[in-house]
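Protein chains: 2
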Amino acid sequence: MSIKEYLKSHHKSILDDLADFLSIKSISTNDEYQQDIQDCARFLMQKLNSIGMTDTKLIQTKKHPIVYASYHVSDNKPTVLVYAHYDVQPADPIELWNSEPFKATLRGDYLYARGVSDDKGQLYCHINAIEYLLKTTHTLPVNIVMIIEGEEEIGSPNLAQFLEEYKDKLKADVAVISDTPMINKDQPALCFSLRGMVYAEIIVTGPNKDLHSGQYGGIVQNPIQALCSIIANLKDNNDKVMIPGFYDDILSLSRKEKEYLDDIAINQDTYLTELGLTKFAKETPVNIAKQLWAEPTLDCNGIVGGYIEKGAKTIIPSKASTKLSMRLVANQDPLVIAEQFKTYVNSVSPQGVNIDIDIHSIAHPARMAIDTIYIKAAAAAYKSIFGIAPKFVGEGGTIPVVADFKQILGIDTVMMGFNCPDDCIHSPNERLLIENFFKGIQTSATFLSLAGQS
Amino acid sequence: MSIKEYLKSHHKSILDDLADFLSIKSISTNDEYQQDIQDCARFLMQKLNSIGMTDTKLIQTKKHPIVYASYHVSDNKPTVLVYAHYDVQPADPIELWNSEPFKATLRGDYLYARGVSDDKGQLYCHINAIEYLLKTTHTLPVNIVMIIEGEEEIGSPNLAQFLEEYKDKLKADVAVISDTPMINKDQPALCFSLRGMVYAEIIVTGPNKDLHSGQYGGIVQNPIQALCSIIANLKDNNDKVMIPGFYDDILSLSRKEKEYLDDIAINQDTYLTELGLTKFAKETPVNIAKQLWAEPTLDCNGIVGGYIEKGAKTIIPSKASTKLSMRLVANQDPLVIAEQFKTYVNSVSPQGVNIDIDIHSIAHPARMAIDTIYIKAAAAAYKSIFGIAPKFVGEGGTIPVVADFKQILGIDTVMMGFNCPDDCIHSPNERLLIENFFKGIQTSATFLSLAGQS
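As they're listed, the protein sequences go chains F and D. With the numbering used here as the guide, the letters of the first sequence map in order to residues 1038 to 1491. With the numbering used here as the guide, the letters of the second sequence map in order to residues 1038 to 1491.
Please note: incorrect hints may appear among the correct ones.
[Claimed, not checked] Below, in silico cross-link-like pairs of lysine-lysine (DSSO-like), each with a Cα-Cα straight-line distance of 30 Å or less:
1. K1277/F x K1347/D
2. K1277/D x K1277/F
3. K1347/F x K1295/D
4. K1347/D x K1114/D
5. K1316/F x K1246/D
6. K1347/F x K1049/D
7. K1319/D x K1246/F
8. K1100/D x K1049/D
9. K1295/F x K1316/F
10. K1114/D x K1062/D
11. K1277/F x K1049/D
12. K1246/F x K1327/F
13. K1204/D x K1099/D
14. K1208/D x K1347/F
15. K1172/D x K1049/D
16. K1094/D x K1246/F
17. K1246/D x K1062/F
18. K1100/F x K1114/D
19. K1319/D x K1277/F
20. K1100/F x K1204/F
21. K1099/F x K1347/D
22. K1204/D x K1246/F
23. K1204/D x K1316/D
24. K1428/D x K1347/F
Worth flagging that the hints you see were computed from the coordinates, not collected in a lab.
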């Protein structure tokens, strides 16, 4: 049976199956959902068993388990390591969702649910491709090793150690990850660079209790204002990060990479309009693609302090804090940046408050070779299914494992994604184009077949 | 029966009665407590009826009702207007209370409850004094008009209009308010100045939804950082407010007032230690009393934006906001300051975000004459009960009605309080020294008697 026929006849069951997976609230960023995380990992293991993967295991880490599975065909075949993550971002603000975040909902051409793009739906492209190949050919074109982790959204704190420990079971020729977007729904992309990350929290503590602003104002340092002053010092008026040394180690783009950059056309007006904006952050002209591929960032992700309920309360709060993420580009070392950040924050802190800085997680950036046989196989697979050659792009997000694969397992990663930039990952109404979900299954199957011929 | 004997024999019933009043969650700053506010006003009206006040009324305003009562003795006697408020601040953070905030709890020499100092307990000093006088003499030494409002903690938005409308029923020679602290538990104080207020909110809106920080960071303006930049621009490094014109109209202290200032000794080390601090907000030497009496302030009372739950989420939020209060001193016009504030905030706003500024409430500052017969009566009353003459002080807080009494009713206000600066008003574990609560009843009765002889 051709894959097209197969997908046609299994259309409903494949979507139902995905919906079951999406219904599990596997939110890794909040400890309240620990049981859901465990349930999700077990659900996945059963799924992999049911399609015929062997050696399936739930490997516990210090936090959330990793799902492992493999299928060995022959020592003469290359081994592809399929990596994905089954954990998702929180759904809040829930009130902005048009349907329940953990109840997959078909609306128009899209399937809506938290995690449908990032990364459960894309993982299911590979799972369905393998299921098809095993059902129809009773073998696979390559050996497969799968590792699906539950801590990607919290910076994969236990993955590197797992890779070290299980190195022998993870021997592979190449890794494949589908967690990066296409250019748009018709134009696939192969990602050659990922940003790293330092995720930090600054906690400013002032007086030992909330104080009446009329009786202590102007005398005691206000922790909110102290925090705002620190944050305002992190960037200059043109959005440049002010941490000394922050930009020192950056590897600039090669000639070839710059050509790829020029190949990306983004309509800036449409871009702004879709976000409800009229201006960018910077006064100087913005090259959106260059910003994402080759420029580091620093963004506050949340801030809280004092009275945040309805109405008014006139206090100087005891405490204020912010969570912030720095996205790093090739050659920036997150450990070095974290230290530079701490030193700088302390140096710009006003007097009369205490500053605590927590580094929640770090991830190394990655820039990949683009002329390997596996990249060529992926490009050919895209072309045969989508009818157009993929563009080579950088990615603004962070997939820490790619640097770890290179460093610990010695392999490159093919980053072939099937969702789109406007699919609202990490936002309300996350979605995935159903047509591209099914094309993703076909592309994965074709990629594995081409990789097996190499 | 002497008042001492009376208070001894009624000790328990007086405290029980106060505890009932304190048990009502009359939080005016949050609309969830509207029913409690109504219940509290009704409770108070019944109490005033029960002690023999006449003409008691519940006067509805646009928001929370005002409790009115009067007692007429003779046209030849002066009329004292007793003002207080029955509304209270929210109790949060509730986890920092050592006993339930709305269950009055005796611990050591103190009674603990939200509102016991600010202002329910102090109101009950006057109510018990009047009750004693009426029970034992069947008359009063002066005519009394009482107005007890439920909107003081939200800036008394409807009080001025009420004063205008009910001017005829509010004719009086002097007002008395007990809502300002003593110097310490042994040293009473008469307050001659109050600060005004502008309470504002800044809401910064960026993209129309929360965005993935990896895909939009450095391109789109981050509303948290835009807000922090605005806030950081509000004050310089030495805590001076940067709004142009902010300090222009300030009336400096008179020679006599400066003498009172010199009469206040605050141990700065003890002051800092009690707050868990090692330094003040400013690098220059601080005169705490001068700061409270004669310097305006600007403090953020709360800030919120983006992800504030446990763990990590990597977003650029759609929105961030802060609530802030400016305390104003004599001659600063809150309407002028509010306009200066709005103009300045807009002028320092970064591009790429939208700024909304709400002025929640305003209040005029007040500086009072200190040589009136009623101030002298109050000073004599304090001296006879506490055994020591009161000091004359300014107050850092805001009681908007004092300026309104002067402007609309043409009367001065005697500000005689019975709580202490460390009684944690607006904070967890608000308290009142029981001994001074009973001394407050005696001082009120003595003051009314002396005022009647003038």
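Each hint tested on the structure:
A hinted pair counts as satisfied when its Cα atoms are at most 30 Å apart, and K1277/F with K1347/D qualifies at roughly 29 Å. As the CA atoms of K1277/D and K1277/F are separated by approximately 27 Å, the hinted pair is consistent with the 30 Å bound. A distance of roughly 40 Å separates the Cα atoms of K1347/F and K1295/D; the hinted pair therefore is violated under the 30 Å criterion. Taken as a hint, the K1347/D and K1114/D pair is broken in the structure, with Cα atoms around 64 Å apart against an allowance of 30 Å.
About 16 Å separates the Cα atoms of K1316/F and K1246/D, which keeps this hinted pair within 30 Å; it holds. Note on K1347/F and K1049/D: the hinted pairing is violated, with a Cα-Cα distance of about 37 Å set against a maximum of 30 Å. With a C-alpha separation of about 20 Å, the suggested pairing of K1319/D with K1246/F holds against the 30 Å cut-off. With a C-alpha separation of about 35 Å, the suggested pairing of K1100/D with K1049/D is violated against the 30 Å cut-off.
Between K1295/F and K1316/F the CA atoms are separated by roughly 25 Å; this keeps the pair inside 30 Å, and the hint holds. Proximity of K1114/D to K1062/D is assessed by CA-CA distance (about 37 Å); at most 30 Å being required, the pair is judged violated. A threshold of 30 Å between alpha carbons decides the hint, and for K1277/F with K1049/D the separation of about 66 Å lies outside it, so the pair is violated. Annotation: proposed proximity of K1246/F to K1327/F is violated, straight-line Cα distance about 46 Å (limit 30 Å).
Only pairs whose Cα atoms come within 30 Å are accepted, and K1204/D paired with K1099/D is accepted, the gap being roughly 18 Å. Pair hint K1208/D plus K1347/F does not hold up; C-alpha atoms about 36 Å apart against a cutoff of 30 Å. Note on K1172/D and K1049/D: the hinted pairing holds, with a Cα-Cα distance of about 17 Å set against a maximum of 30 Å. This hinted pair does not check out: K1094/D and K1246/F have alpha carbons roughly 39 Å apart, beyond 30 Å.
For the hint linking K1246/D to K1062/F, the alpha-carbon distance of about 22 Å falls within 30 Å, and the restraint holds. Between the alpha carbons of K1100/F and K1114/D the distance comes to roughly 78 Å, so the proposed pair goes past 30 Å and is violated. With a CA separation close to 29 Å, the supplied pair K1319/D and K1277/F stays within the 30 Å bound. Taking the CA atoms of K1100/F and K1204/F, the gap is near 20 Å; set against the 30 Å cutoff, the hint holds.
About 18 Å separates the Cα atoms of K1099/F and K1347/D, which keeps this hinted pair within 30 Å; it holds. Taking the CA atoms of K1204/D and K1246/F, the gap is about 41 Å. The hint is violated against a cut of 30 Å. Of the pairs offered as hints, the one joining K1204/D and K1316/D is violated, with about 48 Å between alpha carbons and a cut-off of 30 Å exceeded. Using a Cα cut-off of 30 Å, the hinted pair K1428/D and K1347/F is violated, with the two alpha carbons roughly 38 Å apart.
Comparing the model with each earlier hint shows violations of hints 3, 4, 6, 8, 10, 11, 12, 14, 16, 18, 22, 23 and 24; every other hint is respected.
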